[in-house]
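**Q** Chains as they are written, first to last, in the numbering used here: chain A, 2 to 294; chain B, 95 to 283.
If you're looking for bench data, these hints aren't it; they were derived computationally from the structure.
C-beta atoms are modelled at their ideal positions from N, C-alpha and C, and glycine is treated no differently.
One or more hints might be untrue.
Heads up, incomplete: computed chain A residues facing chain B, CB under 7 angstroms, no partners named [said to hold, decoys possible]: (1) 50; (2) 105; (3) 156.
Taking lysine-lysine and the DSS-like style, the derived pairs with C-alpha atoms no more than 27 angstroms apart in a straight line are [to be verified]: (4) B:251 <-> A:242; (5) B:251 <-> B:241; (6) A:242 <-> B:233; (7) B:252 <-> A:243; (8) B:252 <-> A:285; (9) B:279 <-> B:269; (10) A:242 <-> B:241; (11) B:233 <-> A:206; (12) A:134 <-> A:3; (13) A:206 <-> B:128; (14) B:114 <-> B:283; (15) B:233 <-> B:245; (16) A:206 <-> B:127; (17) A:69 <-> A:3; (18) B:241 <-> B:252; (19) B:269 <-> A:69; (20) A:97 <-> B:114; (21) B:215 <-> B:252; (22) B:279 <-> A:97; (23) B:269 <-> B:218; (24) B:252 <-> A:242; (25) B:218 <-> A:69; (26) B:266 <-> A:97; (27) B:269 <-> A:97; (28) A:69 <-> B:266; (29) A:97 <-> B:215; (30) A:206 <-> B:241; (31) A:97 <-> B:218; (32) B:251 <-> A:243; (33) B:252 <-> A:206; (34) B:245 <-> A:242; (35) B:215 <-> B:279; (36) B:245 <-> B:215; (37) B:266 <-> B:215; (38) A:206 <-> B:245; (39) B:241 <-> A:243; (40) A:285 <-> B:251.
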Amino acid sequence: MKYAYYPGCASDSTARDQHTSCVAVARSLGIDLAEIAGWICCGTTPAHQTDRVLAASLPAANLVRAQKMGLDIVVTCAACYSMLKMANHEVLNHPKVREHVREVLGQDYDGSVRVRHFVEVLLEDVEIDRIRKALKHSLNGLKVACYYGCLLVRPPEVNQFDDPENPNSLDRLVTAMGGESLDWPHKVECCGGALSLTRTDVVVKLSDAVLTMARAAGADCVAVACPMCQINLDLRQRDIKKETGRDHNLPIIYITQLLGLCLGISAEELGLEKLMVSPESVVKRLTRVEELV
Amino acid sequence: MTIRIKKDKIAQGLLRTVEKMADVDLSTCFQCKKCDSGCPVSNLTGSPPSEILRRLHLGAGNELLESDLVWMCVSCETCFARCPMGIDIPSAIDALRVLAVEQRTPTPEGNMPLFNRVFLKTVKIFGRTYDLGMITAHKIGTNSYMKDADKFPVMLKKRKIALLPPRGADRKMAKRIFDSVRRNKENQK
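Next up, chain A with everything else stripped away, as it sits in the complex (with noise of 0.2 angstroms):
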């Protein structure tokens, strides 16, 4: 299982911990990893906001070197997912954005490389059965609420990853890990993503709700696989609290980190310590497999 990794920008700041579980996960796995050599920003919102042109030529650019490599591209940012998806979408169906990409790139890109989300990859390649049989840890019925945000299920003709109103991929994963996944009504609400640094109050808003459902669901932690989503969940409870005196006190964490403390690797390695909110409650829950028959 060999793939074109694109780690995105937020792996080297904000999402280094997401960045570092997944490689260390898939090493685990024994899935490969190839880094993109030379990976340029996908432009993620400010460049859709920009130019239709610039949207789809600097995600085709990462396109054209993963197509080299002749492997799919796999990425664990939601946002670059997206940009990626769509890049693909914009030349596949729109002849005019093709030709600019092409004079842009100074090269043809026909739009065929798959893009995979490192859950897709988890879930169709790997699959459910391996990966149960290689957890050292379970969950051991630890509550998680399952948080997709937009741009994993949206827009659905695009990224065409699972249900794009009620998804289950990484329910499916927290089970297979022994936890207890939540129904709950904010899946595939919006945290308020790009607004991160320009309206921080929407954002607060829109976080808090989120996490009020969360917990009023019984949530001990919410998992997520978009850097956006973790950010603003996890760094904005503090203005949350300040804004609404609701301490919602709720560890944000990677799929990939849930699952690869159950493969039993080291919380350094996983980039624990990253978290804003400790995560300390969900790995006192880690009960040996052995221990639980």
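Start from chain A and add chain B according to the hints.
**A** Frame of chain A, contents of chain B only:
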């Protein structure tokens, strides 16, 4: 809000421009308002998505570019995913943003246009985002030095913000992309 319509205005409005820029057909909207129901900011904005579409139908011009939704929209794609007619509303909003920048409409709260500019500037220079550079430039431009100041020390300590610019990207390719997109745009005018 009150909407005033002048009969001869529709032909001069933004409707066709937006449809062309975003490659969307907005005429199929029948105002069911499913977009507003799912929109996470519809109760915070003065003009929810359905109203933006209706005003376009009714011949709105550049005044529409000053609607707060233009920069408050979080691009969450919920409206598009739920629209029974499959209208790509987020792409229409993106087109309005491009027009707003071109028309130099008044700076919106939080100055998202500046954020976009400095964000893309770091990508053009380094090939990847440089958070510290981008945040500093945005803070200078919006005079908001103290905002989130409490979080910087802990984020630096946890290395959630890198001090140095990113390395390893194909910077030449990034510059080439930005330069030719600009050239492309100028040629079209």
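**Q** It remains to establish, for every hint, whether it holds in the given structure.
**A** Hints, one by one, checked against the model:
1. 50: Residue 50 (chain A) check passes; min Cβ-Cβ to chain B is 5 angstroms, inside 7 angstroms.
2. 105: holds (4 angstroms)
3. 156: holds (5 angstroms)
4. B:251 <-> A:242: holds (22 angstroms)
5. B:251 <-> B:241: Distance of about 18 angstroms is within 27 angstroms: holds.
6. A:242 <-> B:233: holds (24 angstroms)
7. B:252 <-> A:243: Within the cut-off at roughly 22 angstroms; holds.
8. B:252 <-> A:285: Answer holds: residue 252 (chain B) to residue 285 (chain A) is near 22 angstroms, not above 27 angstroms.
9. B:279 <-> B:269: holds (16 angstroms)
10. A:242 <-> B:241: Between residue 242 (chain A) and residue 241 (chain B) the Cα gap is close to 16 angstroms, so the pair holds against 27 angstroms.
11. B:233 <-> A:206: This hinted pair holds, its Cα atoms lying about 22 angstroms apart.
12. A:134 <-> A:3: holds (21 angstroms)
13. A:206 <-> B:128: Holds, at roughly 21 angstroms.
14. B:114 <-> B:283: Distance ~15 angstroms between residue 114 (chain B) and residue 283 (chain B) Cα, so the pair holds.
15. B:233 <-> B:245: holds (14 angstroms)
16. A:206 <-> B:127: At roughly 22 angstroms apart (the allowed maximum being 27 angstroms), residue 127 (chain B) and residue 206 (chain A) satisfy the hint.
17. A:69 <-> A:3: holds (14 angstroms)
18. B:241 <-> B:252: Roughly 19 angstroms separates the two Cα atoms, so the pair holds.
19. B:269 <-> A:69: holds (21 angstroms)
20. A:97 <-> B:114: Between residue 97 (chain A) and residue 114 (chain B) the Cα gap is close to 12 angstroms, so the pair holds against 27 angstroms.
21. B:215 <-> B:252: holds (26 angstroms)
22. B:279 <-> A:97: The hint holds at about 14 angstroms.
23. B:269 <-> B:218: Holds, at about 5 angstroms.
24. B:252 <-> A:242: Status holds; Cα separation ~22 angstroms.
25. B:218 <-> A:69: holds (24 angstroms)
26. B:266 <-> A:97: The hint holds at about 25 angstroms.
27. B:269 <-> A:97: Given pair residue 269 (chain B), residue 97 (chain A) holds - Cα atoms ~22 angstroms apart, limit 27 angstroms.
28. A:69 <-> B:266: holds (19 angstroms)
29. A:97 <-> B:215: holds (26 angstroms)
30. A:206 <-> B:241: holds (17 angstroms)
31. A:97 <-> B:218: Holds: residue 97 (chain A) and residue 218 (chain B) sit about 24 angstroms apart, inside 27 angstroms.
32. B:251 <-> A:243: Holds - the C-alpha atoms of residue 243 (chain A) and residue 251 (chain B) are around 23 angstroms apart, at most 27 angstroms.
33. B:252 <-> A:206: holds (26 angstroms)
34. B:245 <-> A:242: Holds, because 14 angstroms separates the two Cα atoms, which is no more than 27 angstroms.
35. B:215 <-> B:279: At roughly 17 angstroms apart (the allowed maximum being 27 angstroms), residue 279 (chain B) and residue 215 (chain B) satisfy the hint.
36. B:245 <-> B:215: Given that 27 angstroms is the threshold and the Cα spacing comes to 24 angstroms, the pair holds.
37. B:266 <-> B:215: holds (14 angstroms)
38. A:206 <-> B:245: holds (19 angstroms)
39. B:241 <-> A:243: Holds, because 14 angstroms separates the two Cα atoms, which is no more than 27 angstroms.
40. A:285 <-> B:251: Answer holds: residue 285 (chain A) to residue 251 (chain B) is near 25 angstroms, not above 27 angstroms.
Violation of the numbered hints given earlier is absent; every hint is satisfied by the structure.
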